[in-house]
Amino acid sequence: MCDIIWCKECDTVNYLDPYYFWNWEGKIKCAGCENVYYIYMIQGHMYKGPDKKPGEKPDILPVYADKPNDGYEQILPGTPGKTRPYNCLPRHIYLGRADMVKFSARGRPVRGWRPQPPSTGVAGSCGFTWDIQKLSPEVWQEYQEKIKKGEVGEW
Amino acid sequence: MAKKVREVEINSREDTLTLMGPDVRPWPVTPPPSPEEVAAVYARRKAEEFGKWCEDNLRIEYAKGKPEALQGVRVLSCGLWRMGHKFAAGLLGELGAEVINVEPPEGDPLRKLTPFGREEYMLEDKNGDKCGLDFIHELRNAYSVTLNLETEKGRELYTKLAQHADILIEEYPPGYMDQLGIGYRQLSQINPRLIYCWIGEHGQWGPMKDKVSKYGQWMLDPFGQAACSFIHNTGFPEDLLPRGKGGDPTRSGVWFADYVAGEQTAVNALAALFWRDEFSGEGQFIETTAAEALMDILDFDITWYGFNKSIKARTGGWDPNLNQYAWNPCKDGYMMIGGQTDRLWYRIGMCIERELPIFGRLIHEDPLLKEMAARNALQALTKTYTMTTMWLRNINRVEAEEKLMQYEIAAGPLLYIDEVAEFPHFKYRPWVNVLEDEEYGTLMYAESTNAYQMRTPARVKWLGRPLGKDNAEIFMKYIGLGQTELRELKEQGVV
Amino acid sequence: MKDQRVTRIEDLPGPKSQGELEEMKMPYEEYCRKVFAPGQEKTKPESLKGIRWLSTTMYIFTPHSVANLAELGAECIKVEMPRMGDPMRHTSPFNECYLYPLHDSRPMTGTGLGFTNANPNEYYISMDYHVPEMKEAFYRLVKLSDGLTECYRPGTFDRWKQSYRYLQELNPRFIYVWGGGFGYGPKVFGGSYDILGQAHAGLASVTGFHEDFGGHCTKHSNWCIDWYSGTQITVAILAALYWRRKTGLGTMIEFSQVQAATRCLGYTVPLYGRFGIVRQRWGNWDTQLCVHGIILCGKSDYPDEPNPQLKYEARYAVVSAFNDPDFKELCAIIGRNDLWDQYKTLQQRVRPQAQIAIYKALEEWAADKTRSQVVKTLTDAGLLAMPVMNDKEVYECEHFRQRGTIRWLDDPVFGDVLIQSGYSCGLMSKTPRRVNWIWRPVGADNVKIYHEMLGYPMSKIEEWYEKNLI
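Chains as they are written, first to last, in the working numbering: chain A, 30 to 184; chain B, 2 to 496; chain C, -19 to 450.
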């Protein structure tokens, strides 16, 4: 195996992504156990390794690993001691699913949440209004409170 | 039969340059596919008749016998260093407008630029003046005249030229022309039909408007790219490539923001022309900037910040919105593969699994990768592309393309320019083309993108232009300057 | 009838009134502000008033050719597949950002931000036009319109009897655009995406860090080649409209997006043609100018912010000092006058070895500084430099706010959205562009178009809707 290290002791697959490791030499720790592997990759091929180096200090952790024989259990990026964090993200949190936003960055209502009550006419046609007060009274209420608290700005 | 032996002494790379010229190494190296071969391609999808109709009506070979859409539109273009005004005027010129490019008597400094300072890559005109290839490639179908706008006489002649223009495209620092008395507010008094376009990096007004350094150096692209978040968003993240070794924000390899500003200037100018001729008879003032025109096309990036304060991050060769939709390294370069819907995504997988069985075990059987939207998660991208590259590293681009095409996947090799020039489809159209220029000899160039039309296709007539070559004709035709007067003006340093 | 013997003031060049005289004397910036007047767009006319355009498009590339027209005031009708809509509606960064509803029949599905900016101001109808029953409605639309942009695989519309071969018979003034990856030729049926254009056409081969520095070919992060190519279609459309005013005849335009990426390569093509030199990547520096590149500074501007883009990435600056006196001053500022002594001309500085040495020295100088310190030091000295701005900084930038190129829009259906496009493609003093709404739900204007414009009875529309034809 090469672009992945399938650690036989803990049955974990470590994914060595194709850019970072395309030409790389060093020691990488398995995400599933304490094994450290020496690898020397040239043009994506394992030129040397993976050789077990017990007890040696690793240079790097994989960014992602999983256990296919254990229900594809995921070891997500940034799991302490197992995978390295993936830092270059748009926010300090990462969702990977729909962010149910009710208010824009400046605090005004925007239809970023679901489900929305049906509001269209014949053949899905709709006009040029969103009657928030009628369709989503709770959001309208929340908005009034935000205005009172001064959380709604021009920018 | 003995081959003719040529006496060649090669001591440096410079000695090889003459051996690479178009007379020794003509393009294309191998002939393009024949019309019969291409007809067979149409037939495979039962589109013979339609394919033939397209070839009969759209082929570039027939372009020269067709009328020009913008015949009768006169464009005055003037600016230094940058691509914006040249690209804008070039797009109009290719469609038939008459373009007059005004330069100072010492010429546009872009004429002097050449990659890594190598003068041997510059071309000589008949006068023996050398010119850089960027300038030659981007100044299209334009006449060249010279005028020293710092002199009163020069400004007077410029004003007289502007009286004859429909569109004027100017790219000087903010307020420079106005201060000389030849900006929009003065020229529009003399020619109210004039459509006046200014192009810059950030703007001619506003808190971050274009600056020149205290020694007079201009702002050039990538100042436009940097100001709209394009550079911040482009490149590999540190997580995929170490910082300082490519894991950094990255600028476009070309002056891309200038090109985008140039094309939007052409759009705005033509829309203003339509409005002038259809409704009002009036010209107007247009301002396009590299930073803003590029920002216009940065997908949803700023909108995203307004949605939940996300700041777009770099993702290298991958795309956070789509999987698969990336290029990754292979045996001899990089291979682009795209296919996001289940139908296409599994087809890519089947193609790979045929040769890499473990791909099925780790990718297809993973329950977390079965839903389309969930495949865009970061870990899913990492896993999918690691496994795809395990397949790619064993094969060349051409093999990968062949295999993926069997599954009707949108896939293509990442090509370098020598490969681009020999790619069968590029040769057939042709998208890189050659013309025999009166001044510079045989030139290879990127063909006009608007050259494939039924009635009024664009065309490239000439590229570059020796400095001031058209002074005598243009000044006689539009201003009435005779030989004697022109000679005097030359002595005074006006032209 | 004007009396030729009388000279009237309005026939003479120069200001005609007190107001115009004042305009002539205004400081230039103030004048620009006044004529462009951001925020006053709706008080001015639209350039393309009266033009009606059909958009049977998907993704970004071909929609953008119509978006430009819609921003300029043309009436544009976007035709989508019933209930599904444009596939681009189903893309969103990291699956996080959607606006609802997409369609009443699918309450849990929204339109992803991937759809943003590509189809503003348009009317949205749905139509499954390969069904023969819808053919007549499609032809009615064609007869009432000036043109159409489509993006289906070549031959598809022809099979459905709605290619230009057929439509020019119905409406000789019709301007027909096909946009796609390749067009006639050996790869005619090849599918294409933005990224394929970047890869295939040579643009990627010159973008990114050179492999000797550890880099790889780099994707322009946005779908820029799609957008950029779409704008060039708009150039062709407007030229065709200009020509049609003279002749009354439409045309067909075939536009290939892959080719457009080769068009912006500048010297790359002629350099190869004449000398056989294959241009390579040169990272964040410039092949023709030095110093003119991006450097890494030692410290972030926002070390304490939680957002990683601020905390780790706000460290890059553009530095530009390629003319001799600028470079000399730069060397003095960073305490490396030896570099000036060594590289006194641009030709010497721009050599690869010289660039490596110069940028290394710059980054060493910046190693203990923040990006802001670097930019301030250089601009205070009268040189050109700026930070590499991120989305937050662009949003907060006073420059774009004053110019109106980034602004909030109270969208009639979706509420409060921030828009970065339309107003930013160029300021026009008399017929400015405008954004009225970002997009509409699938089929939102079915009644408006099929009933009000094309005259079909309501019962027919309901029947089509039941059959899933619209």
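None of these hints come from the bench; they were simulated from the model. Possibly wrong hints are sitting among the right ones.
[Said to hold, decoys possible] Calculated lysine to aspartate or glutamate pairs in the EDC-like style (CA-CA distance at most 16 Å, straight line):
1. B:Lys212 / C:Asp284
2. A:Lys96 / B:Asp367
3. B:Lys246 / C:Asp360
4. B:Lys310 / C:Glu376
5. B:Lys332 / C:Glu378
6. B:Lys332 / B:Glu402
7. B:Lys210 / C:Asp390
8. B:Lys210 / C:Glu378
9. C:Lys24 / B:Glu402
10. B:Lys113 / B:Glu99
11. B:Lys212 / C:Asp360
12. C:Lys141 / B:Glu49
13. C:Lys5 / B:Asp179
14. C:Lys226 / B:Glu69
15. C:Lys410 / B:Glu366
16. C:Lys410 / B:Glu49
17. B:Lys310 / A:Glu167
18. C:Lys410 / B:Glu402
19. B:Lys113 / C:Glu309
20. C:Lys226 / B:Glu402
21. C:Lys29 / B:Asp278
22. A:Lys131 / C:Asp390
23. B:Lys215 / C:Asp360
24. B:Lys215 / C:Glu309
25. A:Lys96 / B:Glu279
26. B:Lys246 / C:Asp192
27. B:Lys310 / C:Glu442
28. B:Lys215 / C:Glu0
[Unchecked claim] These stretches of chain C come out as covered by chain B in the derived footprint (C-beta under 8 Å, 3 or more residues):
29. 251 to 257
30. 322 to 331
31. 344 to 354
32. 376 to 384
[To be verified] Anything over 12 Å on all C-beta distances counts as not near chain B; from chain A, calculated:
33. Gly61
34. Lys82
35. Tyr93
36. Arg113
37. Pro146
C-beta: ideal position from N, C-alpha, C; glycine also.
These are the hints, each one checked on the structure:
Restraint check for Lys212 of chain B and Asp284 of chain C: not satisfied, since their Cα atoms lie roughly 32 Å apart, outside the 16 Å limit. Between Lys96 of chain A and Asp367 of chain B, the direct Cα distance comes to roughly 10 Å. Compliance with the 16 Å bound is thereby established for this hinted pair. For the given pair, Lys246 of chain B sits about 30 Å from Asp360 of chain C by alpha-carbon distance, which is inconsistent with the 16 Å threshold. A threshold of 16 Å between alpha carbons decides the hint, and for Lys310 of chain B with Glu376 of chain C the separation of about 12 Å falls inside it, so the pair holds.
Our distance criterion of 16 Å between C-alpha atoms is broken by Lys332 of chain B and Glu378 of chain C, whose separation comes to about 48 Å. For the hint pairing Lys332 of chain B with Glu402 of chain B, the CA-to-CA distance comes to about 13 Å; that is within 16 Å, so the pair holds. A hinted pair counts as satisfied when its Cα atoms are at most 16 Å apart, and Lys210 of chain B with Asp390 of chain C does not qualify at roughly 28 Å. Under the criterion of a C-alpha separation no larger than 16 Å, the hint pairing Lys210 of chain B with Glu378 of chain C is consistent with the structure, at around 11 Å.
Pair hint Lys24 of chain C plus Glu402 of chain B does not hold up; C-alpha atoms about 52 Å apart against a cutoff of 16 Å. About 25 Å separates the Cα atoms of Lys113 of chain B and Glu99 of chain B, which puts this hinted pair outside 16 Å; it is violated. The suggested pairing of Lys212 of chain B with Asp360 of chain C holds, with an alpha-carbon distance near 13 Å, which does not exceed 16 Å. Proposed proximity of Lys141 of chain C and Glu49 of chain B is supported: the alpha carbons are some 15 Å apart, at most 16 Å.
Taken as a hint, the Lys5 of chain C and Asp179 of chain B pair is honoured in the structure, with Cα atoms around 11 Å apart against an allowance of 16 Å. Simply put, Lys226 of chain C and Glu69 of chain B have alpha-carbon atoms about 12 Å apart, close enough for the 16 Å limit, and the pair holds. Distance restraint check for Lys410 of chain C and Glu366 of chain B: the Cα-Cα separation of roughly 60 Å exceeds the 16 Å cut-off, and the hinted pair is therefore not satisfied. With a C-alpha separation of about 49 Å, the suggested pair Lys410 of chain C and Glu49 of chain B falls outside the 16 Å cut-off, and the hint is violated.
For a cut-off of 16 Å, the pair hint linking Lys310 of chain B to Glu167 of chain A is broken: about 23 Å separates their Cα positions. A hinted pair counts as satisfied when its Cα atoms are at most 16 Å apart, and Lys410 of chain C with Glu402 of chain B does not qualify at roughly 50 Å. For a cut-off of 16 Å, the pair hint linking Lys113 of chain B to Glu309 of chain C is broken: about 23 Å separates their Cα positions. The suggested pairing of Lys226 of chain C with Glu402 of chain B is violated, with an alpha-carbon distance near 46 Å, which exceeds 16 Å.
Taking the CA atoms of Lys29 of chain C and Asp278 of chain B, the gap is near 13 Å; set against the 16 Å cutoff, the hint holds. Of the pairs offered as hints, the one joining Lys131 of chain A and Asp390 of chain C holds, with about 14 Å between alpha carbons and a cut-off of 16 Å not exceeded. Restraint check for Lys215 of chain B and Asp360 of chain C: satisfied, since their Cα atoms lie roughly 10 Å apart, inside the 16 Å limit. For the hint pairing Lys215 of chain B with Glu309 of chain C, the CA-to-CA distance comes to about 10 Å; that is within 16 Å, so the pair holds.
Distance check on the hinted pair: Lys96 of chain A and Glu279 of chain B sit about 68 Å apart at the alpha-carbon level, beyond 16 Å; violated. With a C-alpha separation of about 9 Å, the suggested pairing of Lys246 of chain B with Asp192 of chain C holds against the 16 Å cut-off. For the proposed pair Lys310 of chain B and Glu442 of chain C, the alpha carbon gap of about 42 Å is over 16 Å, so the pair is violated. For the hint pairing Lys215 of chain B with Glu0 of chain C, the CA-to-CA distance comes to about 34 Å; that exceeds 16 Å, so the pair is violated.
Only when three residues or more bring their CB closer than 8 Å to a CB of chain B does the claim for the stretch 251 to 257 of chain C stand; here the count is 7, and the claim holds. Coverage of a stretch by a chain is defined here by at least three residues with a beta carbon nearer than 8 Å to that chain's beta carbons; for the stretch 322 to 331 of chain C and chain B the count is 6, and the condition holds. By the rule of at least three residues with a Cβ nearer than 8 Å to a Cβ of chain B, the coverage given for the stretch 344 to 354 of chain C is violated, with 0 such residues. Here's how the stretch 376 to 384 of chain C fares: 6 of its residues keep a CB closer than 8 Å to some CB of chain B, so the rule of at least three is met and the hint holds.
A cut-off of 12 Å between C-beta atoms confirms that Gly61 of chain A is not in contact with chain B; the least separation is 15 Å. At roughly 22 Å from the closest C-beta of chain B, the C-beta of Lys82 of chain A stays outside 12 Å, upholding its exclusion from the interface. Once the 12 Å rule is applied to beta carbons, Tyr93 of chain A is inconsistent with being away from chain B; the minimum gap is 5 Å. In this structure Arg113 of chain A is not separated from chain B by more than 12 Å, as the shortest Cβ-Cβ distance comes to only about 7 Å.
Its beta-carbon lying about 21 Å from the closest one in chain B, Pro146 of chain A satisfies the requirement of being farther than 12 Å from that chain.
Of the numbered hints stated above, those contradicted by the structure are hints 1, 3, 5, 7, 9, 10, 15, 16, 17, 18, 19, 20, 25, 27, 28, 31, 35 and 36, listed in ascending order.
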